[in-house]
Every structure is written in structure tokens, then in C-alpha cells.
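A.B. asks: Sequence:
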Amino acid sequence: MPELATHPVLMEPAVGAMESAATAKRIGRYRVIRQLGEGAMGTVMLAHDPELQREVAVKVLRDGGKRESFVARFRNEMRAAARFHHPNIVTVHDAGECPALGPFVVYEYVPGRSLRALIEEGPVTPKEAIRIARGVGAALDALHSVGIVHRDIKPDNILLGPDGAVKLTDLGIARVPDATLTRDGQFLGTPAYAPPEAITKGEYSTRGDVYSLASVMFEALTGTRPFPGDDAVQVSYAVVHDLTPAPSSVLPSVSARVDEVFAMALSRRQSERPASAGAFVALLVTALRDGSAGASKLRRSPPRASTLVLAALALLALIMGVYRLTRPEPAAPVVSPSPGVRPGAAPARPRPRPARAVHRAPPR
1 MPELATHPVL
11 MEPAVGAMES
21 AATAKRIGRY
31 RVIRQLGEGA
41 MGTVMLAHDP
51 ELQREVAVKV
61 LRDGGKRESF
71 VARFRNEMRA
81 AARFHHPNIV
91 TVHDAGECPA
101 LGPFVVYEYV
111 PGRSLRALIE
121 EGPVTPKEAI
131 RIARGVGAAL
141 DALHSVGIVH
151 RDIKPDNILL
161 GPDGAVKLTD
171 LGIARVPDAT
181 LTRDGQFLGT
191 PAYAPPEAIT
201 KGEYSTRGDV
211 YSLASVMFEA
221 LTGTRPFPGD
231 DAVQVSYAVV
241 HDLTPAPSSV
251 LPSVSARVDE
261 VFAMALSRRQ
271 SERPASAGAF
281 VALLVTALRD
291 GSAGASKLRR
301 SPPRASTLVL
311 AALALLALIM
321 GVYRLTRPEP
331 AAPVVSPSPG
341 VRPGAAPARP
351 RPRPARAVHR
361 APPR
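Under my numbering, the first residue of the sequence shown carries the number 1, and numbering increases by one thereafter.
No lab work stands behind these hints, which were simulated from the structure alone.
It is possible that part of the hints are untrue.
Quick list of in silico lysine to aspartate or glutamate cross-link-like pairs, EDC-like style, CA-CA up to 16 Å [unchecked claim]: (1) K127 to D290; (2) K25 to E55; (3) K25 to D49.
Could you build all of it, start to finish, from the sequences and the hints given here?
C.D. replies: Given below as C-alpha cells:
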């Protein structure tokens with residue numbers, strides 16, 4: 001596994017550094033501009049690199065890296081991210097340690113916003129969903145191809161650039177092939193998007209990432225998580241025990257084909273999920289496009305009234321024909337014999353009528 005180089009300037013005390021990254025003026029050689037966000041592992045700051053004249057994102061470990069487990073995960077994130085130069089994965093530029101703040105890593109700065117911020121405005125369109133799913137799916141396929149499982153796919157870790165770029169970030173709890181920083185059976189991640197086997201057994205796999213991506217796309221399309229709730233324990237219980245809802249139960253305009261794709265990807269059985277993130281995305285794209293095309297076709301070509309009338313008449317004619325073919329034949333009428341006629345005797349011949357004279361006018 002490639003190691004990140006340690007630059008001497010990054011090991012020096014930060015000039016003007018305070019006790020927290022949020023109030024620091026400089027981290028190593030990077031001049032802090034403002035805070036971008038804060039997560040479970042650390043604080044992310046927007047900073048300026050005076051040597052390369054570019055803006056970067058600097059992530060500083062929470063509490064200066066006092067907990068060894070956090071430090072181990074942080075270093076794991078640096079190593080995992082440094083292995084990739086992929087258009088859909090945030091690039092690591094640098095890393096080091098500041099005595100006043102602790103370990104930090106320098107990422108490329110992705111202007112724009114997170115998928116979380118976009119979802120807060122409402123459900124995304126099918127076109128936007130396809131673009132986002134393709135970007136994240138490509139990033140996961142790249143990670144999985146070398147045995148890395150992300151384990152924390154969620155809207156906060158998906159960045160959307162103004163140029164349409166979709167980038168996956170935060171590999172802090174990613175499992176690399178030779179990592180031993182967590183015990184078996186230990187749950188790491190976000191319950192609302194974690195697969196059931198991760199919550200109950202601490203098991204993570206590529207199909208677990210597929211489940212998490214499906215949960216994210218469910219929320220992106222409907223505006224609601226599959227298992228909503230604010231309490232982690234309650235959400236975890238729902239993920240493991242409750243029936244998985246269909247997107248159409250939240251947003252009726254979602255097609256049945258889209259429901260089928262999510263039922264497969266959010267299955268509690270790993271073997272029933274798509275084998276890869278790319279496979280899930282392909283199914284989702286096809287379902288979304290078919291659903292949109294069918295809906296637009298119906299909107300463009302509503303049935304005419306004359307067509308409906310003709311169809312009703314044809315149906316009525318069919319019903320009448322079937323009735324005539326299947327109704328029972330009427331019984332022959334019973335005729336009582338006339339008085340004086342013996343049973344079995346031949347019927348009397350009718351009397352001939354007298355001929356009537358026909359008077360014709362003489363020819364003129």
C-alpha cells in the first residue's frame with residue numbers, strides 16, 4: 001500500500017493555531033478561510049495553499065486525535081483515498097500532523113454542495129437521480145475492484161460540483177484489504193443507510209455498499225429515507241425488522257419498475273441484491289427512463305372519445321354474440337289434438353278453396 005509522504009513544513013507548529021480547527025488561522029502552510037463542515041471524525045476547513053495557489057479542503061481530526069481508534073481510522077482514510085485518482089472520488093493532495101491540532105489531511109476542494117443540501121430542497125428529478133447514481137456507482141466500482149468497502153455511503157458524503165461533477169468522499173471507516181483497525185462484529189457507519197447485516201453482525205461487503213447506495217437514492221427520489229427517524233436505536237430496529245417500503249408508497253408517481261429495483265437492492269438477503277453498484281445503477285437508470293417515457297407518452301397521446309365509444313360497442317357486440325351462442329334452445333310447443341281426431345291418425349287434408357274468377361279488362 002502506498003504511503004503518504006510527510007513534509008517537514010507540516011510537522012512544524014501551526015502559526016497562530018488555536019485549540020480548535022474552527023478558530024485556527026493557519027494549519028501547516030495552509031491559510032484557513034472558513035469552516036466547511038463538521039462530522040463525527042473531524043472538522044473540514046476551506047484553506048488556501050500559497051505554494052500551489054489553489055483552494056483546498058483541510059480535514060482536522062476531532063479533539064486533536066486523542067483517541068487512538070480515531071487516529072487509526074483517520075490514517076486509514078488517508079491511505080485509502082491516496083490510492084485513487086478517479087473522477088468520482090475526492091483526491092488527497094497532502095497530509096501531516098500539527099502539534100496544536102493533531103493529524104490532518106488535505107483534499108481537493110469541491111465547490112458546490114452535498115447531496116444532503118440538495119435533498120433538503122425536495123426530491124430530485126429522475127434526470128438528476130441518474131447523474132448522481134452513475135457518479136457514485138462508478139466510484140464504488142473503482143473502490144470494490146481493489147477490495148475496498150466504503151461502509152458509510154450517505155448524502156453527506158456525496159459532493160455535487162457546479163460543473164455537474166459527482167464525487168464520493170470520507171473514506172474514514174473504509175475497510176481496505178489489509179486493515180485491522182476494527183474488531184469483527186463492530187458496527188461503524190450511519191444506521192439510516194446501513195445494511196441490516198452491518199447493524200446486527202458488523203458484516204460489511206460490496207453488496208452492503210449497494211444497499212447503502214440504494215437507501216441514498218430512495219431518499220433522493222422521494223425526499224424521505226426508507227426508515228425515517230431521529231433516534232439511532234429506533235432506526236436500527238426498523239432497518240432490521242420492519243418491511244421495506246416501496247418508493248411509490250411515498251411518491252405515487254414512481255413506477256412499478258422502479259419499485260422492483262429498490263425491492264431487490266434493499267433486500268435483507270445479500271444474495272438477492274445486485275452484484276455490484278454498477279449493476280444496480282444500470283437497473284435503476286432503465287427503470288427511471290422507462291417510467292418517464294411511459295408517463296410522457298400517456299400525456300402526449302390521450303385516448304380519443306371516439307376510440308372509447310368504438311371499443312365499448314365492440315365489447316357489447318362480443319357479449320351479445322357469446323350470449324346467443326350459449327343460451328339454451330327453446331322447447332317445442334305442445335299442440336293438443338282437435339276433438340274427434342284419434343291419436344296417431346294422419347292429419348286431415350285441407351279442403352281446396354274454390355277458384356275465384358279473375359275478371360280482366362278487355363284490351364282496348
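A.B. asks: Each hint needs a verdict: does it hold in this structure or not?
C.D. replies: Going through the hints against the structure:
Taking the CA atoms of K127 and D290, the gap is near 12 Å; set against the 16 Å cutoff, the hint holds. For the given pair, K25 sits about 15 Å from E55 by alpha-carbon distance, which is consistent with the 16 Å threshold. Proximity of K25 to D49 is assessed by CA-CA distance (about 13 Å); at most 16 Å being required, the pair is judged to hold.
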